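Each residue of the first sequence is one higher than the last, beginning at 1 in the UniProt record's numbering.
Keep in mind the hints are simulated off the structure, nothing from the lab. Owing to the predicted nature of the structure, the values given are computational and were not obtained by experimental measurement. Any given hint could turn out to be false.
Said to hold, decoys possible - Here are the simulated distance ranges between beta carbons: (1) Arg196 - Tyr226: 25 to 31 Å; (2) Thr191 - Pro246: 41 to 47 Å; (3) Arg158 - Thr191: 20 to 26 Å; (4) Arg222 - Asp6: 37 to 43 Å; (5) Arg158 - Ala62: 33 to 39 Å; (6) Arg285 - Arg221: 33 to 39 Å; (7) Pro2 - Tyr226: 39 to 45 Å; (8) Arg285 - Val101: 29 to 35 Å; (9) Gly244 - Gln223: 26 to 32 Å; (10) Thr216 - Pro58: 41 to 47 Å; (11) Asp96 - Asp280: 24 to 30 Å; (12) Ala247 - Ser270: 21 to 27 Å; (13) Gly154 - Gly116: 16 to 22 Å; (14) Ala165 - Val188: 22 to 28 Å.
Each residue gets a CB set at the ideal place from its N, CA and C atoms; glycine is no exception.
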Amino acid sequence: MPALADALVPWFRAHARDLPWRRPGYGAWGTLVSEFMLQQTPVARVIPHLEAWLARWPTPAALAADPPAEAVRQWANLGYPRRALWLHRAAVEIRDRHAGVVPRDVDALLALTGIGDYTARAVAVFAYGDRHPVVDTNTRRVIARVVDGRAQPGTPHRRDLAAMAALLPEDVADAAAMNAATMELGQVICTARAPRCDECPLRDTCAWLAAGRPETEDTRRRQARYEGSDRQARGAVLRQLRDGDPAPALQDAVIAEWPDRAQRDRAILSLLSDGLIEADGETLRLPR
DNA sequence: GACACGTGGTC
DNA sequence: TGACCAAGTGT
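Build the full structure now, drawing on both the sequences and the hints.
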């Protein structure tokens, strides 16, 4: 095994958290749903939503048989509700193009709605045990520090994929463990703020620690302010249609108290454009 | 490649 | 308190 995997894989096997999707036989559908929910969303918030989702829709075909509105409602306040819509579309595609079986091939996975480079590889590796590099935000930070000696990623995604490929052990099971181990290290030890280097299994080989944990020029974009944003307005519109009266809402009655009229209309238009809501005459509702 | 996209927790 | 952060994707 490459040197880093020699230290990291045993650490992972000893310390891995007991997460639902790591249970034996969790299944490719469970893995796929978990990966959709985990996109930009912390583990602790995902777990209860995931279990409720899989209890209601234990297969892609079960989800595909219900209207997208039900997926958006079940998604509740998890955030980025487009993911609920995309997950529903992916379930329909899996039913129609893959006989209801989550595909194993990375390119077939990439062709599904809402699945990008990370999720496709994550499903192939964690659900099916295949050997590919899996690179998420945690992996990028770990590589930046341990390999490149930088505080923050800064490098192109493409290069991190190659870097991770070079770190994978030959053995398929070890390679999958290495992918998970790198992500886990980034989540619990090599965190974005206040990394716990004294507990790190890679503390003797980490380039960043050896260099005295230098600050790196921060190339990250600042997250836009949420308060007063279009995103907040979209969230308010969708929340009303999702959680409000069962009857469809008249367009003028949707978030009627919203202070910025133009912003409210913009939010409705963009939700219509995304397919997250539909117009039915004078009324607005979730998509059927 | 930059940007838009939710929501809630943390320091 | 407010800015940062969180298993990304599509345009």
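Status of the hints after comparison with the structure:
no.: 1; hint: Arg196 - Tyr226: 25 to 31 Å; result: holds (29 Å)
no.: 2; hint: Thr191 - Pro246: 41 to 47 Å; result: holds (43 Å)
no.: 3; hint: Arg158 - Thr191: 20 to 26 Å; result: holds (25 Å)
no.: 4; hint: Arg222 - Asp6: 37 to 43 Å; result: holds (39 Å)
no.: 5; hint: Arg158 - Ala62: 33 to 39 Å; result: holds (37 Å)
no.: 6; hint: Arg285 - Arg221: 33 to 39 Å; result: holds (35 Å)
no.: 7; hint: Pro2 - Tyr226: 39 to 45 Å; result: holds (41 Å)
no.: 8; hint: Arg285 - Val101: 29 to 35 Å; result: holds (32 Å)
no.: 9; hint: Gly244 - Gln223: 26 to 32 Å; result: holds (29 Å)
no.: 10; hint: Thr216 - Pro58: 41 to 47 Å; result: holds (45 Å)
no.: 11; hint: Asp96 - Asp280: 24 to 30 Å; result: holds (26 Å)
no.: 12; hint: Ala247 - Ser270: 21 to 27 Å; result: holds (23 Å)
no.: 13; hint: Gly154 - Gly116: 16 to 22 Å; result: holds (21 Å)
no.: 14; hint: Ala165 - Val188: 22 to 28 Å; result: holds (24 Å)
Comparing the model with each numbered hint stated earlier shows that all of them hold.
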